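Number of protein chains: 2
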Amino acid sequence: MPNPRPRGNSPKSRTRRPYGGLTLGLDLGATKVRAVLVDRTGRVIRSSGRLAHSNDGPANVIKAVVRAARRCLPEGGDALRGAGIAVAAQVDPATGRVRHAPNLRWKNVPLGRILTHELGVQVRVFNDARAATYAEWTLGAGVGCEDLFCLVVGTGVGGSAVVGGRLLEGGTHAAGEVGHLPIVSGGRRCHCPGRGCFEAYVGGWAIAERAREAVRADPRAGRALLLKARGMPGIRAETVFETADAGDPLARRLVTETERYLGDGAVGVVNAFNPSLLILAGGVITGRPELVRGVARAVKQRCQPPAAGVRVVRARFGELAPALGAAALASRPARSAWS
Amino acid sequence: MPNPRPRGNSPKSRTRRPYGGLTLGLDLGATKVRAVLVDRTGRVIRSSGRLAHSNDGPANVIKAVVRAARRCLPEGGDALRGAGIAVAAQVDPATGRVRHAPNLRWKNVPLGRILTHELGVQVRVFNDARAATYAEWTLGAGVGCEDLFCLVVGTGVGGSAVVGGRLLEGGTHAAGEVGHLPIVSGGRRCHCPGRGCFEAYVGGWAIAERAREAVRADPRAGRALLLKARGMPGIRAETVFETADAGDPLARRLVTETERYLGDGAVGVVNAFNPSLLILAGGVITGRPELVRGVARAVKQRCQPPAAGVRVVRARFGELAPALGAAALASRPARSAWS
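In order, the protein sequence lines correspond to chains A and B.
Just so we're aligned, residue 0 is where the first sequence starts under numbering that gives the first Met the number 0, counting upward by one.
Just so we're aligned, residue 0 is where the second sequence starts under numbering that gives the first Met the number 0, counting upward by one.
Possibly wrong hints are sitting among the right ones.
Same chains, same label: a pair holds when it works inside one copy or across any pair of copies.
Here are the computed lysine to any residue pairs in the SDA-like style, where the Cα-Cα straight-line distance is at most 25 Å [said to hold, decoys possible]:
(1) Lys-106 <-> Arg-45
(2) Lys-299 <-> Thr-171
(3) Lys-227 <-> Arg-287
(4) Lys-299 <-> Cys-144
(5) Lys-106 <-> Gly-308
(6) Lys-62 <-> Glu-145
(7) Lys-31 <-> Ala-63
(8) Lys-106 <-> Arg-296
(9) Lys-62 <-> Gly-230
(10) Lys-31 <-> Ala-307
Hints were generated in silico from the structure; no laboratory data involved.
The model shown is predicted, which means the values in this text are computed figures rather than measured ones.
Required output: the full structure, derived from the provided sequences and hints.
Below you can see the structure in the form of structure tokens.
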């Protein structure tokens with residue numbers, strides 16, 4: 000990596016570093032929006048974030064994105080070199096359109112066009128897991144690795160693979176969507192058209208849903224969860240982990256089951272993509288080293304040898320990864336963004 | 000593809016077509032060995048095959064391979080341009096070593112070295128699913144496609160992916176081993192260290208095992224299967240399909256369940272690799288167009304849009320694909336064999 004240097008804004012320096020300079024990275028998840036301003040070394044200069052719930056509808060969520068972005072924009076003199084947004088969705092990077100975002104409940108939203116208009120700078124659109132993978136691969140836990148998989152367990156579950164030194168794209172830009180590996184044949188309903196998906200067991204929304212069902216089935220056993228969450232609607236994935244930490248048996252059972260399902264999905268990912276490095280990222284993983292250790296154990300015990308030799312690590316950037324990756328991808332010329 | 004032309008064996012023609020000429024392709028599965036002699040257009044000039052059971056141990060199975068290969072070798076004048084063997088195993092293509100073949104019960108067999116010695120020609124070693132995929136991609140159902148997955152359902156279940164015009168390799172040459180995607184969390188034991196694997200439900204051995212268990216649990220309902228198979232040990236995957244074709248309720252239930260599990264695995268493969276084309280190959284699929292239709296339906300209904308737009312077809316070469324692919328891969332220079 001080149002050393003960080005203050006960027007001059009004379010025409011001459013522009014010619015010498017056409018893809019350097021400051022870049023805006025945005026991240027639109029199911030419950031949060033985030034913006035970061037990064038320099039050409041990937042260092043975060045400024046950041047902002049806010050809650051934005053998918054129930055608010057596309058127009059309001061986009062307003063929240065624009066507000067977060069504006070708070071990060073550089074002052075007058077510092078022209079922006081590029082901007083990108085990572086979305087928990089299947090996107091078309093060529094047109095900047097969000098095709099299908101189950102957890103946002105969006106379909107066919109021309110997000111790139113709207114943001115480009117609002118911010119006055121071209122905003123490119125990327126899948127969030129792919130952006131996070133790119134950040135970890137080029138700046139984070141996966142630097143120098145040719146075969147890695149980055150598994151992102153947040154509200155939803157996504158992922159992306161680097162195989163033979165290339166970020167996989169797929170026929171419709173959706174390779175690595177391992178959140179929708181069926182791990183329980185005929186099992187729980189997912190937000191996608193499938194059943195029994197990995198995400199329907201370990202995604203943040205699914206952990207909360209499983210907990211609410213368990214509490215409904217046995218309200219006595221669920222008392223600690225209900226107290227912590229101040230009522231059924233307040234039960235979220237964090238509530239379950241925190242209540243388990245405090246020793247509550249029902250919450251502990253839910254966490255143990257989550258670990259088992261996380262192992263199932265990770266074993267599938269490692270057997271299918273055969274990475275040398277498995278990077279775990281996303282809100283459910285952040286701050287929970289025991290989940291990383293559990294996945295490492297499952298993979299070692301249950302994967303095919305020699306795929307089982309994979310190294311399992313936590314992401315370097317945690318929840319910042321998608322925004323950083325969107326900035327990094329946006330600072331590259333369009334044609335080489337995926338290689 | 001160039002037109003088929005009789006190959007001259009003058010030094011001049013050798014110089015002009017350094018990787019053309021006759022190639023030997025071998026296929027070592029869990030229950031059969033096969034040899035084909037192909038010309039530079041992929042046309043089969045000669046073939047031979049025989050049953051060889053994994054219980055016979057590596058030495059006897061290798062003898063059977065050598066016998067099948069010798070029956071296909073060209074006469075004196077026609078020097079062989081290369082030879083390759085496809086094995087239902089995790090292999091190291093650089094050393095020709097079979098690392099782990101659960102269905103053959105082999106570990107660390109230097110197959111390439113042994114066969115090279117026995118046949119007097121360098122024999123390169125490939126994973127069978129990867130070889131089959133290469134055959135379908137370069138000569139068969141996938142010609143011209145940049146993003147495809149070839150799912151091979153035989154005694155075991157394997158697969159391989161072409162993504163962005165490259166056959167995926169993985170950190171230890173095992174990318175695409177989707178037979179070991181867990182599809183039933185905590186489910187049936189597999190021949191690998193895992194549980195609930197795709198292969199443990201739809202591999203030929205697993206269909207037979209599930210049928211034997213069903214017959215044991217209800218011998219009355221299993222009468223037709225027992226009759227057809229002439230006793231419990233004779234029950235194989237074919238027995239189940241044939242007995243179901245004759246209308247037997249137990250066999251039909253087993254086939255319906257197999258179709259559901261096949262759908263689960265195929266949905267996982269399509270969501271994970273996002274191919275434009277899914278090619279179904281292997282002994283369990285061959286001659287069963289209804290299985291191909293069932294997979295196409297499952298994928299369309301249960302995959303994430305737009306990945307669900309994948310086209311599902313049957314392999315062109317059926318059970319010949321691994322041997323053809325091994326020949327095709329062996330006829331290329333080592334460095335470009337995977338691109």
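How the hints compare with the structure:
no. : hint                : in the structure
1   : Lys-106 <-> Arg-45  : neither (31 Å within a copy, 54 Å between copies)
2   : Lys-299 <-> Thr-171 : between (32 Å within a copy, 15 Å between copies)
3   : Lys-227 <-> Arg-287 : within (19 Å within a copy, 55 Å between copies)
4   : Lys-299 <-> Cys-144 : within (20 Å within a copy, 35 Å between copies)
5   : Lys-106 <-> Gly-308 : between (40 Å within a copy, 16 Å between copies)
6   : Lys-62 <-> Glu-145  : neither (38 Å within a copy, 39 Å between copies)
7   : Lys-31 <-> Ala-63   : within (9 Å within a copy, 62 Å between copies)
8   : Lys-106 <-> Arg-296 : between (38 Å within a copy, 23 Å between copies)
9   : Lys-62 <-> Gly-230  : neither (30 Å within a copy, 70 Å between copies)
10  : Lys-31 <-> Ala-307  : neither (35 Å within a copy, 28 Å between copies)
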